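Q: Read in order, the letters of the sequence shown correspond to residues -20 to -1, 1 to 67 in mature numbering (1 follows the signal peptide of the UniProt record, and there is no 0).
Note that these hints are calculated values from the structure, not bench results.
Only a predicted model underlies this, so the values are computations on that prediction, with no experimental measurement involved.
Wrong hints could be hidden among the right ones.
[Claimed, not checked] For lysine to any residue, the following SDA-like pairs were computed, each having C-alpha atoms within a straight-line distance of at most 20 angstroms:
hint, residue 1, residue 2
1, K46, A33
2, K60, E29
3, K22, F55
4, K60, G21
5, K22, Q48
6, K22, S57
7, K22, Q45
8, K22, K60
9, K22, T38
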Amino acid sequence: MRLSTLMLCGSMLAAAPAFAQETAADAGDPALGNASGSGIGKLLSQGYEIRAAVPNGTRYIVFMQKDQSAYACEFVSLTKSRCGSIN
């Protein structure tokens, strides 16, 4: 059930990636990445698990979950990612 919810969110994010980026940036989310890629690294160190990954043009959106909390992270480059809460 949770995976299907994440996949649904993934298809919505794939259709509007700019909206997801603006939402995360506006929220001042502490999981936002910097040049060292700490967005995904920080979430992994906090116990979040990768549940799915979907291509979005030349980039990938990775969905991470821990208990009832979920994040979507976009790889901007090999070493840089942006993450935002999706629930």
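Q: Run every hint past the structure and note whether it holds.
A: Cross-check of the supplied hints:
1. As the CA atoms of K46 and A33 are separated by approximately 16 angstroms, the hinted pair is consistent with the 20 angstroms bound.
2. Only pairs whose Cα atoms come within 20 angstroms are accepted, and K60 paired with E29 is accepted, the gap being roughly 18 angstroms.
3. This hinted pair checks out: K22 and F55 have alpha carbons roughly 14 angstroms apart, not beyond 20 angstroms.
4. A C-alpha spacing of about 10 angstroms is found between K60 and G21, which places the hinted pair at or below 20 angstroms, so the restraint holds.
5. As the CA atoms of K22 and Q48 are separated by approximately 18 angstroms, the hinted pair is consistent with the 20 angstroms bound.
6. Taking the CA atoms of K22 and S57, the gap is near 17 angstroms; set against the 20 angstroms cutoff, the hint holds.
7. For the proposed pair K22 and Q45, the alpha carbon gap of about 13 angstroms is at most 20 angstroms, so the pair holds.
8. A threshold of 20 angstroms between alpha carbons decides the hint, and for K22 with K60 the separation of about 12 angstroms falls inside it, so the pair holds.
9. Restraint check for K22 and T38: the C-alpha separation of about 24 angstroms exceeds 20 angstroms, so the hint is violated.
In the structure shown, a violation is registered for the earlier hint numbered 9 alone.
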